[in-house]
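Asks: Kindly produce the complete structure, drawing on both the sequences and the hints.
Protein chains: 2
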Amino acid sequence: MSDAPALLAEAARLAEAAFAHWLPPESEAPARLHRAMRYSMLAGGKRLRPALVLACCRAAGGSDAACAPALVAVECFHTYTLIHDDLPAMDDDDLRRGRPTCHKAFDEATAILAGDALQALAFEAAAALGAEAVRVLARAGGSRGVVGGQQDDLDAEGRTVDGSAEDRALLERIHRGKTAALITASCELGAIAAGATASQRALLAAYGESIGLAFQVADDVLDATASAAVLGKTPGKDAAQGKLTYVSVYGLEAARCEARALLDRALMSTAQLGARGEVLAALARFVVERDR
Amino acid sequence: MSDAPALLAEAARLAEAAFAHWLPPESEAPARLHRAMRYSMLAGGKRLRPALVLACCRAAGGSDAACAPALVAVECFHTYTLIHDDLPAMDDDDLRRGRPTCHKAFDEATAILAGDALQALAFEAAAALGAEAVRVLARAGGSRGVVGGQQDDLDAEGRTVDGSAEDRALLERIHRGKTAALITASCELGAIAAGATASQRALLAAYGESIGLAFQVADDVLDATASAAVLGKTPGKDAAQGKLTYVSVYGLEAARCEARALLDRALMSTAQLGARGEVLAALARFVVERDR
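Residue numbers (the numbering used here), protein chains in the order written: chain A, 1 to 292; chain B, 1 to 292.
Treat the hints as calculated values from the structure; they're not laboratory data. Hints should not be assumed to be uniformly reliable.
Identical copies go unnamed one by one, so any copy, or any two together, can satisfy a pair.
Straight-line Cα separation of at most 25 Å, SDA-like style, residue types lysine to any residue; simulated pairs [unchecked claim]:
1. Lys46 x Ala169
2. Lys237 x Val249
3. Lys237 x Arg32
4. Lys104 x Arg159
5. Lys237 x Ser199
6. Lys104 x Asp167
7. Lys46 x Phe19
8. Lys237 x Ala271
9. Lys104 x Glu157
10. Lys46 x Arg265
11. Lys46 x Leu14
12. Lys104 x Gly45
13. Lys237 x Glu108
The structure presented is a predicted model; accordingly, all values stated were derived computationally and were not measured.
Replies: In structure tokens, the structure reads:
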């Protein structure tokens, strides 16, 4: 199968089956917290990170069952970051995937706690794959990865963007931290779940880094060009908030070229995997060419 | 050594030496985030959880070096929960350990992110002890532990407390979740670091649960009776916020009796450890008899 939408749908099905095992039921106290966790986890979304886990696990010769805890780990982690990023003190978003954000549907305190609990659950699930999986997720998700990227993003707000070397260095840190770190970790967790060799893991990590950066460049392009109806969240917010994005630093056309160059780099990695790399190539194209 | 203050000082020294290895330097970007993490981690505090790790590791025959990552894991985790609990949307505290809280010294977004990054760092450190240590920390720290207890605590705010069975059940959940869960996990991590037998670990976990509950009862008593100068944080906030505490449900004298009963239960566990249990007994007394 080298069809990205089919893989995404399959990963979503497997991931949601695994969530049923890992997420506490709504009836369990504290019910408000568990409702909020499930509200955000079951809000749909592309399930790109689980798809990467699944495809990388298969590419390294692992079974689908082997990577189930990794599907949970990456999506819990990703969802926690979305809940916290949407908070009033952060990006202050009311809409996510076409529905009220967690703090709008519940309240701010519950949203903070739901995010916190999902982070803990992500690590509990990662621990089912062993300590190395926990280390990969923790490094990608900490102050040198996802959280650092979000801080850089906030610090850059209101900055006068003139394409200086400083702008470009900060943009690179934001893109690596906010998005590429967790996407790379998703690929590595798939490899770890499969018991991959060191060279397989390195190849899949390199692939993940290319498409992680491509994903964020594509996101910057979409924010600048798509409508709310298509996007399912408020578009044009980056420009309104004076955010540092690939588009604001390099312009729209350069952003499109960069996404294409990163895609080519990812395809060079997948070519080394032969037939097993085909679905990864399709996913890479999907990331760059998606319209939401 | 069966002197609790000396053990606390020793644990603080060992923990702070380990932080130097694990915490990113202030000079590393994003500097604001790393400054906030260090500000809260190096704010002093009792270092009770590292002391429990150290004492339990020694009681199970482990070396001090073996438990260094666990000292970092429990204190990073504890500090993250304090930073988030202090946020305006949660307990809205301006003062912690006699200094401005993290969101007052920095800003709300940075405080949320510093807490998030410290949680990730806690799991990275726990992973150095293996996957079982991560599982213990994640279960204690998730929606069925620390985070659940904080949600219960917030949900109970403004409740009309009349000592009903429902009040008592909710209070028990709050005390187990908010405080006892992480204190129990600290004792277990010390045991795991030492390579303890299952029966040693169970004994140390039972000890941890007793003093964890005792700690929170003592905290409720202190909030109702101590002054800000002694406490280093705003006292009387529980009553002002209509919080469900041992004192509000059972009254001050009953709270003092309960703390004593829990102490006796902890001392029964330590008695089974012979001479190795002496310092744990001293720590248990310290927890109940402290004045801040």
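Asks: Could you place lysine 237 and alanine 271 in one of the four classes (within, between, both, neither) given a Cα distance threshold of 25 Å?
Replies: Answer is neither; intra-copy 37 Å and inter-copy 62 Å both fail.
Asks: Go through the copies and call it for lysine 104 and glycine 45: within, between, both or neither, with a Cα cutoff of 25 Å.
Replies: within (18 Å within a copy, 35 Å between copies)
Asks: Have a look at lysine 237 and arginine 32 and pick one of within, between, both or neither, based on CA distance no larger than 25 Å.
Replies: Between copies, since 24 Å is at most 25 Å while 30 Å is not.
Asks: When Cα atoms must be at most 25 Å apart, do lysine 104 and glutamate 157 count as within-copy, between-copy, both, or neither?
Replies: Intra 23 Å, inter 20 Å, cutoff 25 Å: intra and inter.
Asks: Treating 25 Å as the Cα threshold, decide for lysine 104 and aspartate 167: within, between, both or neither.
Replies: neither (33 Å within a copy, 29 Å between copies)
Asks: Since the copies are identical, ignore which copy is meant and state whether lysine 46 and phenylalanine 19 lie within 25 Å (CA to CA) inside a copy, between copies, both or neither.
Replies: Close inside one copy (15 Å), not across copies (38 Å); limit 25 Å.
Asks: Regarding lysine 46 and arginine 265, is the shortest C-alpha distance of 25 Å or less found within a copy, between copies, in both, or in neither?
Replies: within (23 Å within a copy, 51 Å between copies)
Asks: Pop the pair lysine 46 and leucine 14 into one bin, within, between, both or neither, using alpha-carbon distances up to 25 Å.
Replies: within (13 Å within a copy, 45 Å between copies)
Asks: When Cα atoms must be at most 25 Å apart, do lysine 104 and arginine 159 count as within-copy, between-copy, both, or neither?
Replies: Cα proximity of lysine 104 and arginine 159: across copies only (23 Å, versus 28 Å in one copy).
Asks: How would you label the pair lysine 237, glutamate 108 (within, between, both, or neither) given a Cα cut-off of 25 Å?
Replies: both (21 Å within a copy, 20 Å between copies)
Asks: How would you classify lysine 237 and serine 199 at a CA-CA limit of 25 Å: within, between, both, or neither?
Replies: Neither: 41 Å inside a copy, 57 Å across copies.
Asks: When no copy is named, should lysine 46 and alanine 169 be tagged within, between, both, or neither for a Cα gap of at most 25 Å?
Replies: Intra 29 Å, inter 41 Å, cutoff 25 Å: neither.
Comparing the model with each numbered hint stated earlier shows that hints 1, 5, 6 and 8 do not hold.
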